[in-house]
Amino acid sequence: MAKTIMVVDDSASLRQVVGIALKGAGYEVIEGRDGVDALSKCTGQKIHLVVCDVNMPNMDGITFVKQFKQLPNYKFTPVIMLTTESQESKKEEGKAAGARAWVVKPFKPEVLLGAVAKLVLP
Amino acid sequence: MKNSTGVTSKTIVPLGLAAAGALGTVVAGWSAWGWFTLIWAVLLLGAAAWLTRDTGFSASAATGDNPMIDNYLASREHFGDAVLPVWCRHIENSRTQMEEAVSDLASRFSSIVDKLDNALHVSGAANQSGSSMTEVFAHSETQLGSVVTSMKSAMASKHAMLGQIKDLERFTRELRGMAEGVASIAAQTNLLALNAAIEAARAGPAGAGFAVVATEVRMLSMRSAETGKEITNRVGLISSAILAASQAAEQSSEAEDKSMQSAEGMIEAVLNEFRQMTDALVQSSELLKQESVGIQGEVGEALVQLQFQDRVSQVMSHVRENMERLPAVLREHRAAYEASGVLDALDPDVLLRELQKTYAMAEEHAVHSGARLAAPAATDADEVTFF
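Chains X and B, in that order, give the protein sequences.
With the numbering used here as the guide, the letters of the first sequence map in order to residues 1 to 122.
With the numbering used here as the guide, the letters of the second sequence map in order to residues 123 to 509.
Because the hints were derived from the structure by calculation, they are not lab data.
This one's a predicted model, so the numbers in the text were calculated from it and none came from an experiment.
Note that the Cβ used here is the ideal one computed from N, Cα and C, for glycine as well.
One thing to keep in mind: the hints can contain errors.
[What the hints assert, rightly or not] A short, non-exhaustive set of chain X residues, derived as facing chain B with CB atoms under 10 Å:
1) V18
2) A21
3) D53
4) V54
5) N58
6) I80
7) T84
8) K95
9) R100
10) A101
[To be verified] Capping the alpha-carbon separation at 27 Å, the derived lysine-lysine pairs in DSS-like fashion look like this:
11) X:K23 to B:K411
12) B:K237 to X:K108
13) X:K75 to X:K118
14) X:K75 to X:K3
15) X:K69 to X:K3
16) X:K91 to X:K118
17) X:K95 to X:K3
18) X:K23 to X:K108
19) B:K479 to X:K66
20) X:K66 to X:K95
21) X:K3 to B:K237
22) X:K95 to X:K118
23) X:K23 to B:K237
24) B:K479 to X:K91
25) X:K75 to X:K90
26) X:K108 to B:K411
27) X:K69 to X:K90
28) X:K108 to X:K90
29) B:K479 to X:K90
30) X:K66 to X:K118
31) B:K411 to B:K237
32) X:K91 to X:K41
33) B:K479 to X:K95
34) X:K46 to X:K3
35) X:K41 to X:K23
36) X:K46 to X:K118
37) X:K95 to X:K41
[As the list claims (entries may be wrong)] Some, not all, of what chain B presents toward chain X, calculated at C-beta under 8 Å:
38) F231
39) S232
40) E420
Construct the entire structure; sequences and hints are all you get.
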């Protein structure tokens with residue numbers, strides 16, 4: 001069965017682009033427009049990995065990861081931060097929140113897929 | 123702009139206005155108020171000189187005392203309130219339109235990728251059926267080959283039969299020879315019997331018994347001659363029948379040989395065509411696969427390029443939010459003037475610092491400090507940070 005990946009980004013075009021790359025590799029994709037929207041879609045179903053933006057309205061990526069990791073079903077779900085933000089301090093915040101990888105936009109599909117394949121839950 | 127004496131027009135206008143006001147006051151009020159009016163005029167000029175002392179604008183000791191400054195600040199605030207929301211709406215509208223367009227473009231790409239995947243899948247299946255077609259081809263080739271072989275062995279046994287028929291012909295020829303031998307023996311026996319009869323007649327009554335034997339022998343020889351003739355006739359009939367059969371067999375064998383050859387040629391031609399077709403199919407599906415891989419690479423590149431919208435959108439949002447702050451900054455400036463009575467210069471650093479705080483990308487910082495940058499390159503695998 002195809003593995004499910006959640007893509008959280010406020011830019012519709014970027015969600016599309018990430019979605020194309022992931023669907024092309026055989027993953028199923030759930031989309032979240034921001035942290036709040038994404039959390040509302042975490043209803044206990046199996047999510048094998050999350051690809052998350054940092055700067056978003058309503059709830060930013062770092063806050064989302066912290067809250068997502070509090071949910072019992074998703075404690076061990078790996079999160080990749082995919083962002084234009086390249087500051088070391090932000091990376092540290094992401095690491096502290098529980099993210100497993102940091103990818104700077106713009107990304108090459110194969111690079112993202114490599115990171116996804118490395119981290120995705122079995 | 124400077125006039126000949128080097129005094130700015132900004133200084134001239136308020137001073138001139140104040141001077142005119144003072145003069146007017148003096149002319150109009152001299153008769154009624156005398157020195158008091160003159161003092162007021164001097165104060166007015168002094169105030170104008172103070173106002174224009176270096177920047178050309180300064181508050182008098184108490185706020186709201188100078189209607190011109192009040193008006194100016196109010197109009198500036200009005201300007202900000204009126205213009206900036208329009209600018210911001212345009213930026214936001216463009217940003218939204220771009221987002222929708224790029225999103226649509228991305229979904230089109232997505233559908234292209236899907237279709238490509240399907241095509242690849244179908245071509246992969248065709249390729250599989252191509253390989254099974256090659257198998258079918260090989261199988262048919264073997265089967266047709268065995269048909270040809272069995273046909274050839276049937277032909278060979280027919281040829282053997284033809285040889286046997288020809289042997290029969292030889293036997294009948296021998297039989298005919300033997301029958302002729304019987305006929306010649308009968309003729310000689312007849313002559314012998316005739317001689318014996320003559321000798322018996324010469325012997326007279328003593329030869330009467332011998333004459334009987336001679337007659338019997340002669341009758342036997344005549345019967346053998348008849349039998350021999352009959353055998354010859356029959357053998358002739360058999361021989362001509364065998365000859366006809368052998369000729370017919372030979373003709374049909376030749377015809378079969380020919381049709382056998384043409385069948386073999388046709389089978390070969392059909393198999394060749396079939397092979398060409400399967401080869402072409404396998405080649406074209408291989409080509410399709412290669413092309414698809416190329417196109418997928420192109421789509422991957424396009425996916426990198428399409429991410430520009432996200433960056434541009436962020437930059438536009440940051441600038442828009444900063445622009446939206448300007449009316450408030452103007453309002454605060456006016457409030458500060460009204461509170462302190464000091465008209466400070468507008469500080470650009472306030473907004474610039476706020477703008478800088480919103481930056482997420484290294485690109486924005488670079489552009490802020492005056493650099494012109496090409497779009498950043500896509501992340502390489504070694505730039506991914508794992509925690």
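- Below or equal to 27 Å on CA atoms is what counts here, so check K41 of chain X against K23 of chain X. 19 Å, holds
- Message: Against the 27 Å threshold, does the CA-CA distance of K95 of chain X and K41 of chain X hold or violate the hint?
- Response: 23 Å, holds
- Interface restraint verdict for T84 of chain X against chain B (beta-carbon cut-off 10 Å): Cβ of T84 of chain X sits 4 Å from chain B, so the hint holds.
- With a cut-off of 10 Å on the beta carbons, see whether I80 of chain X makes it to chain B. 9 Å, holds
- Proposed proximity, K118 of chain X with K91 of chain X (alpha carbon, max 27 Å): At roughly 19 Å apart (the allowed maximum being 27 Å), K118 of chain X and K91 of chain X satisfy the hint.
- Item | Given pair status - K118 of chain X, K46 of chain X, alpha carbons within 27 Å | 18 Å, holds
- Item | Distance restraint between K75 of chain X and K3 of chain X, which requires alpha-carbon spacing of 27 Å or less | 17 Å, holds
- Between K479 of chain B and K95 of chain X, is the straight-line Cα distance small enough, at 27 Å or below? 22 Å, holds
- Message: What's the verdict on K23 of chain X and K108 of chain X, does the C-alpha distance respect the 27 Å limit or exceed it?
- Response: Holds, because 15 Å separates the two Cα atoms, which is no more than 27 Å.
- Message: For K108 of chain X and K90 of chain X, compute the direct alpha-carbon distance and say whether it is at most 27 Å.
- Response: 21 Å, holds
- Query: Going straight from one Cα to the other, do K237 of chain B and K108 of chain X come out at no more than 27 Å?
  - Reply: 21 Å, holds
- Message: Is the interface hint satisfied for E420 of chain B? The criterion is a beta-carbon contact with chain X at less than 8 Å.
- Response: E420 of chain B check fails; min Cβ-Cβ to chain X is 12 Å, beyond 8 Å.
Hint compliance for this structure: hints 5, 40 are broken, all remaining hints hold.
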